[in-house]
Amino acid sequence: DAKTTQPNSMESNEEEPVHLPCNHSTISGTDYIHWYRQLPSQGPEYVIHGLTSNVNNRMASLAIAEDRKSSTLILHRATLRDAAVYYCILRPNTGGFKTIFGAGTRLFVKA
Amino acid sequence: NAGVTQTPKFQVLKTGQSMTLQCAQDMNHEYMSWYRQDPGMGLRLIHYSVGAGITDQGEVPNGYNVSRSTTEDFPLRLLSAAPSQTSVYFCASSPSRDSGNTIYFGEGSWLTVV
Chain A
1 DAKTTQPNSM ESNEEEPVHL PCNHSTISGT DYIHWYRQLP SQGPEYVIHG
51 LTSNVNNRMA SLAIAEDRKS STLILHRATL RDAAVYYCIL RPNTGGFKTI
101 FGAGTRLFVK A
Chain B
112 NAGVTQTPKF QVLKTGQSMT LQCAQDMNHE YMSWYRQDPG MGLRLIHYSV
162 GAGITDQGEV PNGYNVSRST TEDFPLRLLS AAPSQTSVYF CASSPSRDSG
212 NTIYFGEGSW LTVV
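Taken in sequence, the protein lines are chains A and B.
For the first sequence, position 31 (counting from the first letter as 1) is numbered 31 according to my numbering, and the numbering increases by one without interruption.
Count along the second sequence from 1, then add 111; that gives the number in my numbering.
Treat the hints with care, as some may be off.
Said to hold, decoys possible - If the Cβ cut is set under 7 Å, some of the chain B residues that face chain A in the computed set are: (1) 114; (2) 116; (3) 149; (4) 156; (5) 219.
I should point out that these hints are in silico values taken from the structure, not numbers from a laboratory.
Computed from a predicted structure; not experimentally measured.
A virtual CB, placed ideally from N, CA and C, is assigned to each residue, including glycine.
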């Protein structure tokens, strides 16, 4: 199963953009890149996903490298409510749904 | 909108006791899974199912059993609880085999084994 690598933690100031990196050098051609976040004492929630092209939604943007070996989740203006653990995962298109989460990146937002 | 429902939310067990964590989803999702999350750690996959009657092991399956007799339900059984199974358990579901589809999580079940 392809794995992802993320920094353990990052810090940001409120109302500034945040770029959360993820490396997935062993990604296969049909793997989708998903991002989820987990607020304290809650289950993870979906943020965004993509395959090859950059994606935008109301929560965030996803920038995918041309070779797909890395991606970046972009929060355009961090708020205190964005303080959470962010997980970058790959969802294989074959072999069922053995979806593996890593440790994620804990984002701290300073007021 | 129920989504993914887990019960119980909190449970304390004595070592050696057995119990079942219930998980139900009302979205007709094919895929369901169970994760555990230890304090300060990420999610680890216990078991998963790609449809009724089909289950498979994840990263940490030892000490846990699952079954999938219906599309809606995916219970997780602890046969003989151990303190090492103290954790938060999350059930998740996803609509189809298309990897582009998102995963929906339950609110979690906090289990303490003493």
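Cross-check of the supplied hints:
no.	hint	result
1	114	violated (10 Å)
2	116	violated (11 Å)
3	149	violated (11 Å)
4	156	holds (6 Å)
5	219	holds (5 Å)
Of the numbered hints listed earlier, those contradicted by the structure are 1, 2 and 3.
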